[in-house]
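2 protein chains.
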Amino acid sequence: MHRHLNTDITLAIDIGGTNTAFGFVDREGNIITSSTIPTNPNEPADKFFKRLNSEIESLLSIGNKYNLVGVGIGAPNANYFKGTVERPPNLKWGTVNVVEIIKEYYRVPVAITNDANAVAIGELQFGAAKGMKNFIVITLGTGVGGGIVINGELVYGHDGFAGELGHTIYDPNGRECACGRRGCLETYASAGGIKRTVFELLSSSIDESELRNYNYDNLTSKIICEAANRGDKIALKAFDSTSKILGIKLADAVAFTSPEAIILFGGLASAGDILFKATEKYMNMYMLDIFKNKVKLLPSGLSGANSAILGASALIWNELEKPKEISV
Amino acid sequence: MHRHLNTDITLAIDIGGTNTAFGFVDREGNIITSSTIPTNPNEPADKFFKRLNSEIESLLSIGNKYNLVGVGIGAPNANYFKGTVERPPNLKWGTVNVVEIIKEYYRVPVAITNDANAVAIGELQFGAAKGMKNFIVITLGTGVGGGIVINGELVYGHDGFAGELGHTIYDPNGRECACGRRGCLETYASAGGIKRTVFELLSSSIDESELRNYNYDNLTSKIICEAANRGDKIALKAFDSTSKILGIKLADAVAFTSPEAIILFGGLASAGDILFKATEKYMNMYMLDIFKNKVKLLPSGLSGANSAILGASALIWNELEKPKEISV
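Top line first, the protein sequences correspond to chains A and B.
Each residue of the first sequence is one higher than the one before, starting from 1 at the first, in our numbering.
Each residue of the second sequence is one higher than the one before, starting from 1001 at the first, in our numbering.
Keep in mind the hints are simulated off the structure, nothing from the lab.
Worth double-checking, as some hints may not be accurate.
Said to hold, decoys possible - Footprint (simulated), chain B over chain A, 3 or more residues, beta carbon under 8 Å:
(1) 15-23
(2) 51-57
(3) 93-107
(4) 148-162
As the list claims (entries may be wrong) - No farther apart than 16 Å at their CA atoms in a straight line, the calculated lysine to aspartate or glutamate pairs in the EDC-like style are these:
(5) A:294 <-> B:1159
(6) B:1092 <-> A:289
(7) A:92 <-> B:1289
(8) B:1294 <-> A:104
(9) A:233 <-> A:200
(10) A:292 <-> B:1159
(11) A:294 <-> A:260
(12) A:292 <-> B:1153
(13) B:1065 <-> B:1086
(14) B:1292 <-> A:104
(15) A:130 <-> A:28
(16) B:1133 <-> A:171
(17) B:1133 <-> A:159
(18) A:50 <-> A:28
(19) A:294 <-> B:1086
(20) B:1296 <-> B:1319
(21) B:1294 <-> A:159
(22) B:1237 <-> B:1208
(23) A:296 <-> B:1208
(24) B:1233 <-> B:1217
(25) A:133 <-> B:1153
(26) A:292 <-> A:260
(27) A:133 <-> B:1207
(28) B:1244 <-> A:159
(29) A:296 <-> A:321
(30) A:133 <-> A:260
(31) A:244 <-> A:210
(32) B:1133 <-> B:1289
(33) A:233 <-> A:260
(34) B:1296 <-> A:153
(35) A:296 <-> A:319
(36) B:1233 <-> B:1260
(37) B:1292 <-> A:289
(38) A:47 <-> A:104
(39) B:1244 <-> B:1273
(40) A:244 <-> B:1171
Backbone N, C-alpha and C fix where the C-beta goes; we use that ideal spot for every residue, glycine too.
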């Protein structure tokens, strides 16, 4: 076990498809200070990081009693081994070496991974997976991501891209996906996916619905959730359909790695019971006998709006505490 | 590294849905002697093991210059942690503690795992995956199984049942599976699966085919393969359809664990190019961009009719060489 001073902190950055959150986090998972900026999917990467850095610097100036020991970053299509973000489907970046860019600003160890992988390490260190050896985190946000932990270690795989569960295929002839293919889980079980399901149901059904008052761009998964809680039929059907597809793919995930638990994280997961109960039902319905009713479906243990940056922080604390030295 | 005497051998048993192979294997993967018996899916487990043991004893009596150091077993639905085989879909056994049964006959360490997991360790020690850290083995036999290796270690998961890739779902409304569900990969990409595909095509198509001369019980994947190699249209379509479904599910597998290679093993895999080329094409077609054309699709490196028992032998050699003591 390595020792840290009480004043040691990490800079944690979570780059999402819509917003980027960042903050300073201590070893116990306390967020000292944090903020967010919009990610602007059409902005080139260099402009984005310039904008991000000036925001971080204004946060830093708040106080000077802390000692920055590392930077952890969660980002879509991040390659842990190379330090790159490679052609993220929801951002127009191409391939960028984010670790090199960040190291120009800070002379400390920097690590990057898939945003969902970062959350998985966060759940292990600070959240719902404390003490677990085998679990999977699924992030249900703008996109769908996955972080797989086996024997207490995050799975990176040969290329560093393991856990891309949002781009496993539910229906090879299904919905167009931002990744260029069709029928990925992400096109159904993300914040955007449930919106598409609502629009499909508004077209196929004659049920009255308050959701008929929304245009596509204004509708959000939060609005759908609120409508469902008020008993809106279309919204309820949309949650049921989303839960069924998610449950089927979670049953597949269980057959792969036989986890103790699956943790659902992110905007859509905050719908709570309306998503969890149906997803658990369908997951067990479509699960192989030997796994049925053995796998826990849990909400994230990283509470609050800043939970994603706890993951990014956990990533770099984990690196700093590995027996091997990492390059600075 | 542990040392073994040249006379040290393992007993390796591979329990398949149709046949059970067994033999004595040395540390270099040489099979000293081997045999097979039919598995008889309707026979109770206790009768099966009595029959198996008497066959093993008649093999043993051949010579006495070897020293038995362990028994390795590959079996469907085997639980590595408990030593059990639990409700295998293709055998009427219920749940049986196979390790306990085998230990009644031999006073040496015994280990059991999923037959596909055993093959994966076999490929790692003796076969196509020598030197690899991250790969997946898919067994295409009577059933479809999977063995996942991450960071050089076989993945067992929380329950010991990881890698059940044959029971990931291709189509939730699809073919009935022996496991009680519908649309499992196994119902399409196994020896029985391609036969079902032929019968579906014989019903939906008016193509002439030599396969119209076979009844369901007499048709085999070998006959279908031979017909395809003679240009039979139905047989060719059956291989294309099988390869497409397999390719789609392999693309999912790649998104999960980002392997360096996928190794296809077993009866149907012995069809060779007619299966591999189309499967590789579809796998890359349905794969997420970041993985495309990076993942090798390889035939098994465990040659010969006895390849499955090399896996069972590799399992127990691997256990015997682990730093920790295992219980005897």
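To see whether the hints hold, each was checked on the structure:
1. 15-23: With 0 residues in contact (Cβ-Cβ under 8 Å with chain B), the coverage given for the segment 15-23 of chain A is violated.
2. 51-57: violated (count 0)
3. 93-107: Since 0 is below three, the answer is violated.
4. 148-162: Per the Cβ count (12), the hint holds.
5. A:294 <-> B:1159: Roughly 9 Å between the alpha carbons, so the hint for residue 294 of chain A and residue 1159 of chain B holds.
6. B:1092 <-> A:289: holds, 15 Å
7. A:92 <-> B:1289: holds, 15 Å
8. B:1294 <-> A:104: violated, 31 Å
9. A:233 <-> A:200: holds, 13 Å
10. A:292 <-> B:1159: holds, 12 Å
11. A:294 <-> A:260: holds, 8 Å
12. A:292 <-> B:1153: violated, 26 Å
13. B:1065 <-> B:1086: violated, 36 Å
14. B:1292 <-> A:104: Judged against 16 Å, a Cα distance of about 32 Å means the pair is violated.
15. A:130 <-> A:28: Answer holds: residue 130 of chain A to residue 28 of chain A is near 13 Å, not above 16 Å.
16. B:1133 <-> A:171: Violated. Residue 1133 of chain B to residue 171 of chain A sits at ~31 Å, over the 16 Å cutoff.
17. B:1133 <-> A:159: holds, 11 Å
18. A:50 <-> A:28: violated, 29 Å
19. A:294 <-> B:1086: It holds: about 15 Å lies between the C-alpha atoms, which stays within 16 Å.
20. B:1296 <-> B:1319: Violated. Residue 1296 of chain B to residue 1319 of chain B sits at ~28 Å, over the 16 Å cutoff.
21. B:1294 <-> A:159: holds, 9 Å
22. B:1237 <-> B:1208: holds, 12 Å
23. A:296 <-> B:1208: Roughly 52 Å between the alpha carbons, so the hint for residue 296 of chain A and residue 1208 of chain B is violated.
24. B:1233 <-> B:1217: Answer violated: residue 1233 of chain B to residue 1217 of chain B is near 21 Å, above 16 Å.
25. A:133 <-> B:1153: holds, 15 Å
26. A:292 <-> A:260: Distance of about 12 Å is within 16 Å: holds.
27. A:133 <-> B:1207: Violated - the C-alpha atoms of residue 1207 of chain B and residue 133 of chain A are around 54 Å apart, more than 16 Å.
28. B:1244 <-> A:159: violated, 24 Å
29. A:296 <-> A:321: Distance of about 29 Å is beyond 16 Å: violated.
30. A:133 <-> A:260: Roughly 8 Å separates the two Cα atoms, so the pair holds.
31. A:244 <-> A:210: violated, 23 Å
32. B:1133 <-> B:1289: violated, 22 Å
33. A:233 <-> A:260: The hint is violated at about 34 Å.
34. B:1296 <-> A:153: Violated. Residue 1296 of chain B to residue 153 of chain A sits at ~25 Å, over the 16 Å cutoff.
35. A:296 <-> A:319: violated, 28 Å
36. B:1233 <-> B:1260: violated, 34 Å
37. B:1292 <-> A:289: violated, 33 Å
38. A:47 <-> A:104: The hint holds at about 15 Å.
39. B:1244 <-> B:1273: holds, 14 Å
40. A:244 <-> B:1171: This hinted pair holds, its Cα atoms lying about 13 Å apart.
Figure legend: structure checked against the earlier numbered hints; hints not met, in rising order: 1, 2, 3, 8, 12, 13, 14, 16, 18, 20, 23, 24, 27, 28, 29, 31, 32, 33, 34, 35, 36, 37.
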